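Peer 1: Listed here are the chains, written in short residue letters.
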Amino acid sequence: MLVEALALSALLFTIGVVGVLTRRNAIIIFMCVELMLNAVNLSFVALSKLYGAAGQVFVVFTMAVAAAEAAVGLAIIIAIFRHQRTVNLQNINLLKG
Amino acid sequence: MNPAMIPEGAHPLAATVARLVWLLPLLPLLGFLINGTLAMLGVAKIGPADPSANGGHGHGEVPGHADEHAHDDHGHPPRHKFAKIVSLVGPGVLVAAFALAVAIFAAMRGVEMEHPYLLTLFSWMPVGDLKLDATILLDPLSMTMVMVVTGVGMLIHVFSVGYMQDDPGYPRYFAYLNLFVFFMLLLVLGGSYPLLFVGWEGVGLCSYLLIGFWFSEKANADAGKKAFIMNRIGDFGFLVAMLLMFANFGTLDILGVAEQAAELPMGGVIATTIALFLFLGCTGKSAQIPLYTWLPDAMAGPTPVSALIHAATMVTAGVYLVARASGIFSMAPVAQLTVALVGAATAFFAATIGLKQWDIKKVLAYSTVSQLGYMFVAVGVGAYVAGIFHLVTHAFFKALLFLGSGSVIYVLHAAYHKTHNHDDAQDMRNMGGLRQYMPITFSLMWIATLAIAGIPLFSGFFSKDEILTSVFARISHSTLADASLLGMPGGTVLMIVYGLAVASALMTAIYMARMMLYTFHGPNRTGEGERPHLKEAPWVMTGPLVVLGALTAFGGWLNVPALLGAIGPVGGLEHFLEPVVGEAALRTTLGVAPHLPHSTELMLVGAAIFIAVAGIAFAVWRLKPAALVPRKDAPESTGIDRVLENKYFVDEGYAAAFVNPTVNASRTVLWKGFDAGIIDGLFVNGSALLARAFGWMGSQLQTGQVGTYAWVLLIGVITLLGAFTFR
Amino acid sequence: MTHAMSLLLQAANPQLPPTDGMFILFGLIKAGAAFGIYMLCVAYTTLAERRVAAWIQDRLGPNRVGWEGFLQPIADGVKNFMKEESMPGGVNKALFILAPALAFVPAMITWAVIPFASPLPVPGVGLIDMVVADLPVGFLFTLAISSLGVYGVTIAGWSSNNKYALLGGLRASAQMISYEIAMGMSTVCVLLLAGNVNLSAVVSQQQAQGWNVLLLTLAFFIFAVAALAETNRVPFDLPEAESELIAGYHAEYSSMRYSMFPLAEYANIITSSSLIVALFFGGWDIPFTTWDNLPPWTITKTLATMGMYVSKVMFFVFAFIWLRWTVPRFRYDQLMSLGWKVLLPMALLYITAVASMVLALDYAALAREGMAFRGAMLGMNLVFVVLVFWVLDRGRIISPAFSRLERERVNRLRAVAERSDLLTGKGA
Amino acid sequence: MQANQFHSLAYAFGFYFFGLLALASAIAFVTRKNTVAAAMWLVNVMFALAALYVMLDAQFIAAMQVLVYTGAIMVVFLFVIMLLNLGHPSELADARGKWGYLLALLVGLAMLAEVMALNRSRTIEKMIPPDLAARAAEAAATPMAGGIIGPVAAPLFKEYLLAFELTSVLLLAAIVGAVVLGKRRTDAR
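Residue numbers (this note's numbering), protein chains in the order written: chain A, 115 to 211; chain B, -6 to 720; chain C, 181 to 608; chain D, 22 to 210.
Please keep in mind that the hints were generated in silico from the structure rather than gathered at the bench. Remember, it's a predicted structure, so these values are computed and weren't measured experimentally. Backbone N, C-alpha and C fix where the C-beta goes; we use that ideal spot for every residue, glycine too. Check the hints yourself; a few may be wrong.
[Unchecked claim] As a list, the in silico DSSO-like pairs of lysine-lysine whose alpha-carbon atoms are at most 27 Å apart: (1) D/K54 with C/K343; (2) D/K179 with B/K124; (3) C/K343 with D/K204; (4) C/K343 with C/K273; (5) A/K163 with B/K124; (6) C/K521 with D/K54; (7) C/K273 with D/K54.
[Claimed, not checked] Below, a sample of chain A positions facing chain D; criterion: calculated Cβ distance under 10 Å: (8) E118; (9) F144; (10) V173; (11) A182.
Build out the structure end to end from the sequences listed, making use of the hints.
Peer 2: So, in structure tokens, the structure goes:
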């Protein structure tokens, strides 16, 4: 069961990565990042069966970080949208050197 | 004492009030928070309103001081608007802490204290192998220190209510003082060296803040900085010692280190190095040669601060540390000899300077340095109980002396203040004959003087005698005698130590008697106008003095030597501290309790009494208070007097040897050559040019497309992961 | 087979837990029975709402179909099924169909973890817990699932391709997130006392310690208000406010799909009432007695406690309906500031106070069940209740000066009205 | 033990069912054009993961997963999507071209291969502590104080207390940041 869980975790993480690479909608990319976090959480929980509850504690931390990230990230996206009227990352290149 | 860890709940103390020990440091912290908030809320004009402010260092006219007088002609200046709350909170938390300390002490007397009581509060730094908890270590040694800190601290807080009442920075003062007590309690209760170090640094900070309490005057601020910097040099030693401990023992818990230190070879390099570096830390904090010069300058702070921090508690932290680390020190006889020798040299050196000082607080400051030297002699020769005993009694009589001098200064300053005179309120040449004006202070200070001089049955006699006896006993039969320091056999070194200690005991008696004679006896030299204003200080100041006087007189009963077993229970403190330092002390004395023939011991005690009496008698015989003239009329001194009055020109020597060359070299080579030429020219501008070039190149890579960045990032991750996978 | 028989015989004692197989079998039976009863209750709550509303408004309400209108829900159901389903243009079909189910299911699932009676001894099988699923994290489960209720409303609003529906959905999501936090926080106090997140443990804690409503009145108050807001009913019915948004998120729905939303609402009412009962009113505990809490368990006890439980829940269902027909609707900004600026800070402060109190009492080594512990908690609770109501009241009732002013103002108005004959009805 | 066999069978079935559900939903999530639909698929993934957590004996984490991820974070996502009304055709066509897809797939496969290889090379057997069985037996024998969340709460509030407190600071900072960013600047000068 552990091996399967870790494999699933790797698969989900990869799907998240591919999503980040292929999509251009900022919110979707953001959700892909959440998926990656979830994948990592899965391996934490799976390994916590071996190493005690510390893994689950880390999942709690991950969730807190994810929540903080969602709050700030979405606020940034809203601010960008207000400015540019789009969340398509291709049209957002203020950081161009 | 094998400090075997026993679980927290299993200790007999866990079921008593001692589990509230975490409240001890918390109470002063609470006081600090409250007073600090009040201080911030009611920021007042900061100025030298303290009696000793205009005399502490400047010795003369203070520019702008006349303006200070203008607004509060003869009346009391308005007290701080929060003065009432602060007067309640500041000493209040100390009273509560002291009450708790007494309760814990009582609980501790009721149980078997074979093992120390460890109370882990929370996990502090779980970093890799280093797993540090915030642990409180409660054992007889820390209990003794807690009693001294909270007890004497409480009295001094109460005294401060009177002494500082008119100061515009009243809440700030109490905030600092409370913070100091917090850190001091952290220092003595810390269960690991890093935690102890937090307290160690914290008291240093508070000392700095309080020395420079009237920071609007440069001299005071400079004195604070000097104390701070000299302490940093010592702290470097402490830090190195801690790093060495972690490198060699893999732990920083006090008990864990002690346990592992016992496994080391006797006199090995590791133990010696750690002990010497620890001692370097102690020389800074406890004002030993060569880092002692900050302590006399620290007298720039308010006098109660001098009493609490620079006499009773903080400066003794070094002694505490050596006793705390007795497990390491006892494995390193060479380091112990060093400690004893440095202590003895400091005791002698400072005593000679004390002979010729005119500033009453400076006399006491050098006396403190000298007495601290004594304590180091004691802990250096492995007589830890004697050292701690002297620490305790010294806390009593030196606090009494400082507070007494504070009340003298307070009264004198008030008198000068009334007549708009700007004479120095701390110079003994401006005092004299205060006996009739301040009878309570006068009698109490004489008690303290007799105690410090070593007159029998006063507390100082017992502790000092025990130190001298211990040194003598170890000359013949101890690990120290077998070791050698710089090619000199340990026995010889100890003989030198003993000689220096005896000589400084004699000088102690002389300069203390001198101070008393010049201050309280003979005709009054304050001035015609001021004389009617001289009167006893208010009760809130004399009250603590009376309590301290009682402690000074009877503190010796804490640890009565076997020789005088007739007057009370023998060796109370010794039995109390036995579980903590007993093993280390026995290690130094080769496993047997040090024992001198009865006749030898009697002879030593007789000699000590003779020295004390002779010193005082010599002072009374030679010094004629009537012949003194007020400071403004006094001629410049010459010859050896001048050297002693200027403290052997050590400060000037330091300036010539270290400070000025550093400044000059910095100015010419470092500033003009290195800084302006190489750093500015080559590195700053050159690297800026380089950075700009690289930046331009880099900016070409910045597409601004987050997607692209993600791609690049991912490819990097895959490369790294690949390298990690298929290596 | 003999092995299984021996297992069966072994568990024949009705005071012991059943075997695994029996456990699963009875779990299924419980789930089925609970589902049926629950659906029935939801249906009859609609009738109750209409009858109570009529009673409050001094009219009769539906009383024609069957005895006193008892067949009305069935008639309504039939009517809803027979009606034509409409699918507006431009909707996202999948989500449009999914949304009603998303609204209904969470309310029902939540109910599964609430214990509703003392354990039932079944002869030859064993002791059956009277809860559909006694989850070890039961309480967190209710919180988690109830936080999902927002999806149905939001998705419905979004997928309808209708401006008003979207606004309703947005309002609903904002409102439900806001009040969910206050709700969760208010229950932390309960958990502090219970020391467990299993709802059965919470119930048994209350049996030992007294009902939480007495010890944690403020938490109950916050929880009740937040639960009311979570159901999107008056005075918190902003998402479907008829006068502003026509019908809000379900403006585009019709027939059975539409009626899923009101059903979800009633399901929510029942679930919220059950939760209030379980968390604050002792669950199935019969007050002032202890015989119902102690083994040996009997069928009589099960029936009695279940009756107690049902009557408690019914009271709160009635209270929900009562409130709806009494209180006017909030303004949206008022709703938000009540959630974020009043309930949440209050809940947080209350947690701090309760936690400190529990810590202090534990430190003083007082037994949780002892009179001293309960007395101290009760005393603190009283102080808080008085304080909060004094603040909320803003001196209108309690402070004499203010109430006198109020009375004067009313009198003045009355005098004006009399002069213009508005009250006496003599005028135009 | 028939019952146990039944249990383990049901367990395995549940595990694979939810695992495959998570996988399928994740794939659906990254391929949906419609943002709301994608979000709903992600919700589904998170649900399936919560179910997996229950199978892995992490009931508390499962509840938190639903409560935090599904009930809070994803709702906020949905809220923002609806607030910005991202149903516009120009927003929908957001994927890269064919080559981009192919390349991304390649990168993903490479990464998957590496992670899998990593899992295999440092075999999981090697990671299993030797005294696992004894530890598990001991854990099963000792009654859990504070129900099922006791074992999670104990390290959280003892070993990782500082980190826990710092997390609260992080959340506070995030809240402040979100408010500042989200606030419409009224006095644009």
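Peer 1: Look at each hint and say if it fits the structure.
Peer 2: A quick look at each hint next to the structure:
With a C-alpha separation of about 22 Å, the suggested pairing of D/K54 with C/K343 holds against the 27 Å cut-off. Only pairs whose Cα atoms come within 27 Å are accepted, and D/K179 paired with B/K124 is accepted, the gap being roughly 13 Å. For the hint linking C/K343 to D/K204, the alpha-carbon distance of about 24 Å falls within 27 Å, and the restraint holds. Among the hinted pairs, C/K343 with C/K273 is consistent with the structure: their alpha-carbon atoms are about 17 Å apart, no more than 27 Å.
The hinted pair formed by A/K163 and B/K124 meets the criterion: a straight-line CA distance of about 24 Å does not exceed 27 Å. As the CA atoms of C/K521 and D/K54 are separated by approximately 39 Å, the hinted pair breaks the 27 Å bound. Using a Cα cut-off of 27 Å, the hinted pair C/K273 and D/K54 holds, with the two alpha carbons roughly 15 Å apart. Contact between A/E118 and chain D, as hinted, is supported at the beta carbon level, the nearest pair being about 6 Å apart and thus within 10 Å.
Because the closest C-beta pair between A/F144 and chain D is about 8 Å apart, less than 10 Å, the hint holds. The interface hint given for A/V173 holds, since its Cβ lies 5 Å from the closest Cβ of chain D, which is under the 10 Å cut-off. With a cut of 10 Å, the hint placing A/A182 at the interface with chain D holds, because the nearest CB-to-CB distance is about 3 Å.
Of the numbered hints given earlier, the model fails hint 6 alone.
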